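Peer 1: Please build the complete structure, drawing on both the sequences and the hints.
Protein chains in written order, with the working numbering: chain A, 1 to 167; chain B, 1 to 167.
Hints may contain errors.
What the hints assert, rightly or not - Here are some, though not all, of the chain A residues that point toward chain B, as calculated from beta-carbon distances under 7 Å:
no.: 1; residue: M1
no.: 2; residue: Y10
no.: 3; residue: G23
no.: 4; residue: F106
no.: 5; residue: W137
As the list claims (entries may be wrong) - So the derived label-pair ranges between C-beta atoms look like this:
no.: 6; chain 1: B; residue 1: R145; chain 2: A; residue 2: H25; range: 36 to 46 Å
no.: 7; chain 1: A; residue 1: R145; chain 2: B; residue 2: A77; range: 29 to 39 Å
no.: 8; chain 1: A; residue 1: D11; chain 2: B; residue 2: R21; range: 18 to 28 Å
no.: 9; chain 1: A; residue 1: R166; chain 2: B; residue 2: C46; range: 17 to 27 Å
no.: 10; chain 1: B; residue 1: E133; chain 2: A; residue 2: D123; range: 46 to 56 Å
no.: 11; chain 1: A; residue 1: A26; chain 2: B; residue 2: A125; range: 20 to 30 Å
no.: 12; chain 1: B; residue 1: R21; chain 2: A; residue 2: L51; range: 21 to 31 Å
no.: 13; chain 1: B; residue 1: T60; chain 2: A; residue 2: G12; range: 28 to 38 Å
no.: 14; chain 1: B; residue 1: M1; chain 2: A; residue 2: K2; range: 38 to 48 Å
no.: 15; chain 1: A; residue 1: A77; chain 2: B; residue 2: H25; range: 19 to 29 Å
no.: 16; chain 1: B; residue 1: A6; chain 2: A; residue 2: D11; range: 18 to 28 Å
Hints in this document: simulated from the structure, not taken from any laboratory.
Only a predicted model underlies this, so the values are computations on that prediction, with no experimental measurement involved.
Note that CB positions come from ideal geometry on N, CA and C, so glycine has one too.
There are 2 protein chains.
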Amino acid sequence: MKPDAAETVYDGELISVTLERWGEHAREIVEHPGAVAVVAIDHDGCVTLVLQRREAARRTLLELPAGALEYGEDPLACGRRELREETGLHGGRWRELARFYTTPGFCRELMHVVVAEDVERGDAAPESAEQIEVVRWHVSELPDRIGELEDAKTLTGLLLYVNDSRK
Amino acid sequence: MKPDAAETVYDGELISVTLERWGEHAREIVEHPGAVAVVAIDHDGCVTLVLQRREAARRTLLELPAGALEYGEDPLACGRRELREETGLHGGRWRELARFYTTPGFCRELMHVVVAEDVERGDAAPESAEQIEVVRWHVSELPDRIGELEDAKTLTGLLLYVNDSRK
Chain A
1 MKPDAAETVY DGELISVTLE RWGEHAREIV EHPGAVAVVA IDHDGCVTLV LQRREAARRT
61 LLELPAGALE YGEDPLACGR RELREETGLH GGRWRELARF YTTPGFCREL MHVVVAEDVE
121 RGDAAPESAE QIEVVRWHVS ELPDRIGELE DAKTLTGLLL YVNDSRK
Chain B
1 MKPDAAETVY DGELISVTLE RWGEHAREIV EHPGAVAVVA IDHDGCVTLV LQRREAARRT
61 LLELPAGALE YGEDPLACGR RELREETGLH GGRWRELARF YTTPGFCREL MHVVVAEDVE
121 RGDAAPESAE QIEVVRWHVS ELPDRIGELE DAKTLTGLLL YVNDSRK
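Peer 2: Laid out in structure tokens, this is it:
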């Protein structure tokens, strides 16, 4: 699949938009390098979530630690870096759990969800001056508490992790 | 939460981008009216999925029937209309299952997932000339087949439906 023509119609700081022509159809597509979210489980069987201030949603959301990929970057390497920066967690056994498009009707973003089991605690080093609030949920609580979450990657990552554990 | 200033920096046909200023931070946000995805279960215990050509992903994805909300529209009414247009399915018992942000770091889109149980078959009436390919999976297959899916709303909707059924 390849468009007949493509043109950058908005080139911002974080977001750009491409207008593609496919036969008679035009498609406006938000460009994105992809992202990684981490389901990090510690020795106590707890998963770590972070409270994120989300201006687009006009509220704070509870989410998996996550970050955008650099173009060409390995998702596991990106996940390790983001997890340590945001929460201080490091080490453990890592694997890729899933990859999916967050909103494929108009956006190129592919989200990778990786699992890190038996991670160890350490000091966080967030990029911004803001303090990141960390929340821990025991894995056994997930089926009942999942309804408290409102972020697609977090819902999908945790539900897939629980689904996998039940197989 | 309210920005100090906001300005439309791209105004396209389907997408627009707002640049918001929050203190020292600038945020580029893709505007979206929200959307509805439908977990429709028929009398045989099968869920209906549709194959969607997704130019942004450069491939065809298997997804829940879904569509964008009109501003102010009731999600259940939108779900009923989209489901009938795309698949011909109608009737049944409807309820809202969840709502979540598809990618809240840079996009306003709130996705509503609704469930329609005991739906009845009928004739589809898709808006475009393209034929929509419909696929049916039995609900009992979902835990094992979920890894075949690559769309966030579809993964989340089906996993939440299965999680709810297990409670």
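Peer 1: If you check the beta carbons of A/R145 and B/A77, does the distance land in 29 to 39 Å?
Peer 2: At roughly 30 Å between Cβ atoms, B/A77 and A/R145 fall inside 29 to 39 Å, so the hint holds.
Peer 1: So does A/A77 sit 19 to 29 Å from B/H25, Cβ to Cβ?
Peer 2: Between A/A77 and B/H25, where Cβ atoms are some 27 Å apart, the hint holds.
Peer 1: Do B/R21 and A/L51 keep their Cβ atoms within the hinted range of 21 to 31 Å?
Peer 2: holds (22 Å)
Peer 1: When the nearest CB of chain B is found for A/W137, is that gap smaller than 7 Å?
Peer 2: Since chain B brings no Cβ nearer than about 15 Å to A/W137, farther than 7 Å, the hint is violated.
Peer 1: Does the beta carbon distance between A/A26 and B/A125 stay inside 20 to 30 Å, or does it fall outside?
Peer 2: holds (24 Å)
Peer 1: Given a hint of 28 to 38 Å, does the C-beta separation of B/T60 and A/G12 actually sit inside it?
Peer 2: holds (30 Å)
Peer 1: Can you let me know if the beta-carbon spacing of A/D11 and B/R21 is within 18 to 28 Å?
Peer 2: holds (19 Å)
Peer 1: Take the C-beta atom of B/A6 and the C-beta atom of A/D11, compute their distance, and say whether it sits inside 18 to 28 Å.
Peer 2: Holds: the Cβ-Cβ distance is about 19 Å, inside 18 to 28 Å.
Peer 1: Against chain B, with CB atoms and a cut of 7 Å, does the hint on A/Y10 hold up?
Peer 2: Where the cut-off is 7 Å and the nearest Cβ of chain B is about 4 Å from A/Y10, the hint holds.
Peer 1: That 38 to 48 Å hint for B/M1 and A/K2 (C-beta), does it hold up?
Peer 2: With Cβ atoms ~41 Å apart, the hint holds.
Peer 1: Quick check: does the Cβ-Cβ distance between A/R166 and B/C46 fall within 17 to 27 Å?
Peer 2: holds (22 Å)
Peer 1: Given the range 36 to 46 Å, decide if the beta-carbon distance of B/R145 to A/H25 lies inside it.
Peer 2: violated (30 Å)
Of the numbered hints stated above, those contradicted by the structure are hints 3, 5, 6, listed in ascending order.
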